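Just so you know, the sequences run in chain order A and B. Heads up: the first sequence at position 518 corresponds to 518 in our numbering, and the numbers run straight through without jumps. Heads up: the second sequence at position 93 corresponds to 93 in our numbering, and the numbers run straight through without jumps.
Calculated from the structure, these hints are not laboratory results. A hint or two may mislead.
[As the list claims (entries may be wrong)] Cross-link-like lysine to any residue pairs, in silico, SDA-like; alpha carbons within 25 Å at most:
1. A:K19 / B:L84
2. A:K30 / B:E93
3. A:K571 / A:A588
Predicted model, so just to flag it, every value in this text is computed and none were measured.
These are the residues of each chain, in order.
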Amino acid sequence: MTTVDDRPSAEIGNRRLRKEDQRLITGRTKWTDNITLPGMVHLAMVRSPFAHARITSIDTSAAKEAANVIAVYTAADFPDGMGACANAWPITPEQVTPDHLPMVGERVACAGEIVAVVVARTAAQARDAAELVDVDYDVLPAVLDGLEAMKDEVLAHPDKGTNKSAFWKLDSAEAGTGGNVEEAIAAAREDGIVIKREYRQQRLIPAFMEPRSTVVDPTGEQVTMWTATQIPHILRFLIAATTGMPESKIRVIAPDVGGGFGGKLQTTPEEFITLAVARRLGKPAKYTETRSESLVSAHHGRDQYQKLTLSATKDGTVTGLKVELVANLGAYVAIVGGGVPVLGAWMFNAIYKFPAYQFNCQTVLTNTAWVDAYRGAGRPEATFGIERIMDELAAEVGVDPLAIREKNWIKHEEFPFTSVAGMTYDSGNYEAATARAKELFGYDELRAEQAARRESGDPVQLGIGVSTFTEMCGLAPSRVLGSLSYGAGGWESASIRMLPTGKVEVITGTSPHGQGHETAWSQIVADRLGVPFEDVEVLHGDTQVAYKGLDTYGSRSLVVGGEAVVRAADKVIEKAKAFAAHLLEANADDLEFSGGRFGVKGTDQGIGITDIALATFASHNYPEGLEPGIDADATFDPDDFSFPHGTHLCAMEVDTETGQTRMRKYVCVDDIGNVINPLIVEGQVHGGLVQGIAQALWEEAVYDENGTLVTGSFVDYTLPTAADTISFVTENTTSPSTTNTLGTKGVGEAGTIASTPAVVNSIVDALRPLGIHDIVMPCTPERVWKAIQSAGSHDGETTTEAQPHFDEAAPNNADPGSTGEGNAQ
Amino acid sequence: MTRITVTVDGDRYTDDIEPRMLLVQYLRESLGKVGTVIGCDTSNCGACTVHLDGRSVKSCNVLAVQADGRDVTTIEGLAQDGELHPMQRAFHENHALQCGFCTPGMIMQGIDILIDHPEPTEEQIRHGLEGNLCRCTGYHNIVKAVAAAAKAPNAAALSSSAAGA
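Starting from the given sequences, assemble the full structure and let the hints guide the process.
As structure tokens, this is what we get:
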């Protein structure tokens, strides 16, 4: 019998080129919008141009008369509804959660909300006819801004009586995980440092490159939905739960999906409407959004006001941190919209040993697009706040930003470490990552250059930005999620099918959309089962094939889903062992499995696992009492999160005459535990970095005073291009995770979480001698220039305009000259 | 309706089309060339980039009637006899794609850059790619891939088959 001996000694750790690429680089792709079915009709949505309005009438007669229009529907045509966009994570039992229906008939709560759908033979005809639908609106006052919403003067949903959706608090004294933060702040006021800062996390748009698209075929026994989603399994469940369709009659397929970044983890009105229309007409139906529709109606991200109070001793040892957030959820509480800012509760304390901590989060409803997860989801917001204010502490104490971090961070020998927020950090080595990052960066040399430029009064100043981040990733322990009233578990599923020809099918419940799971999962299985990388096929994203899963978000796929694959493989080996013993006429205890082969200890006898697969297919000879077959399923539910970390350093040149910034160098050393495929990891980090840098420098979703999105196309919503960005230096240190056997941690969000504060810190660092301690994101040349101008005109003192805080009445800005109570000392 | 005759990826097509039809719609909806994709509606993203008589165009910015009598190469026509184009291979070998949605446009534009700059600097590559958006890669590996393709042994064959037509 033969065994497999032509494989490398280990696949894990190899820079394997991706299996996924072949189709994608030759245009043989299966994007949802590529799908065409016999008799398929096309949908166009009629959307509200107003942020808040009562619908007084809808006249669809002209549209219905248009060429090749098959139907025009309003909400009134579906008296039993079309399902609902559910909120799966009510953060408190009292949370105010307006009903979120796919199509509204009486009142629109944000611009872009759907009021009618036109069905025609072609997409162009549907869009033409949508222009003919005549909707009369009675415009209502709209509330757009989070702080305005807090006043409850204009209500996003008048019937709710308030804009406040929920208040969530974590207090270390109450939880027993630390001291009393008010006492810590009071003590520091007497004899220490208190720094208060307000930061704005502007609203962003995920802006995945593939616009969302849905095709529904109602002609089979199961209704099939292809859709550009990160969450086929959750979508299937929620379709069943909200429409009453039996779950067994629904098949959801996520074919090739062109990016998500959280933006495709929603169940969308468009999906429910396409489903309803296809079922009503009994014909396949397709809806593909335009980019402009995507920007206005796919969910947005971030949008927080942060108020931070940090207390420390005079030497810069932190003693307390109090966080007060106002999170703008938009018009509805999206699927995990309320929970996203709450994820910050465990992250604001970051890598630092705060003895006392308090996190307060107020979520509010406004008449804007709903807000939900965008790459990092809660953790970038928190990391920005803490990494910005740690720089302020360093400036106050008068030491290097890295020195203040080192003074306060968790030492390598202190892991595992239970944080003041009650999380147990599995592993880490901040010293090693920082040392390597400094070396790669040329930290001391750049500091020397900075000093020289300051000395010579160079109009182009150099700033060095630091971010030593950590994140929690791998959503994750089901019991923890249950304790937070999250609507689902955090487990993941995998199956392995050992085919008789020696090939292996791996079915994963995760749902990749660019990450490279097919390659990485193949590497894991090739190592575990001792089969060639090429012989492993990874199947996903179709609820008929992968019937069980919780999909892809929150850097969970590898740490949860990858571990499920490992466990399924181990079960295959365990099952195969009994067959091997039988076929080799040996005692199972005398067998050892290595390199894809069961060998009898001390002999040259053995049998390959793929030969066992063939033998069980024939099943002519197998042990009594066993079922034929060695296929196996596994479900993995982790005991805890994993905590990657890293040190990011950014060198930025700031032209003090024009406000122009130019990134000179960016170095990051991330510790994400063991790495399955370094090539894929580097790609994830590069892409993450640019999304985080883009928040710092360019991107912002802006509404005008009427609630019209003015950044409603790629002309105005400024995604960075190749010409705006630089090449990066990325490396890894390795502290294997202790919460999964692969020792891996998540990497998908690391770059985005870490880079935003590194960039803003670099700009502020360049300008700090001018008295500037903040510039609101995105730090456009105009904002930088204005900050410099007003700083200069006040003899080193900065003004509200220079550091345009979000509310002139906010306490910190009442005295714009005060950069924190510590400064007064 | 207007009659046009267009050569696409080496095959000749004759169709009666609406004058307002965009080239990208014609490729996708009439010819089934769905390898070329639509990422925006304002000509910003470049996902629909193809070659028209050997030079890159955004096919959302060209009317199908403008392609009458001309030669179009899409991502689907680049590989010859099962052999990847050097730019395709460079994208694979340098991990220059993740979700792959921008990739057809990026590859077509990458080839075009090398027509003007056979030995491009990083800056020339970055400026040459300015009209193509990617949300996954941060551009780092795309820039590397275009540079690597320029150094490929058969870099002379880099312009698409249509260039010589």
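Consistency of the hints with the structure:
Distance hint between A:K19 and B:L84 is fulfilled; the C-alpha atoms sit about 15 Å from each other, no more than 25 Å. A C-alpha spacing of about 22 Å is found between A:K30 and B:E93, which places the hinted pair at or below 25 Å, so the restraint holds. Straight-line distance between C-alpha atoms of A:K571 and A:A588 comes to about 15 Å, which keeps the hinted pair within the 25 Å bound.
The earlier numbered hints are all upheld by this structure, with none contradicted.
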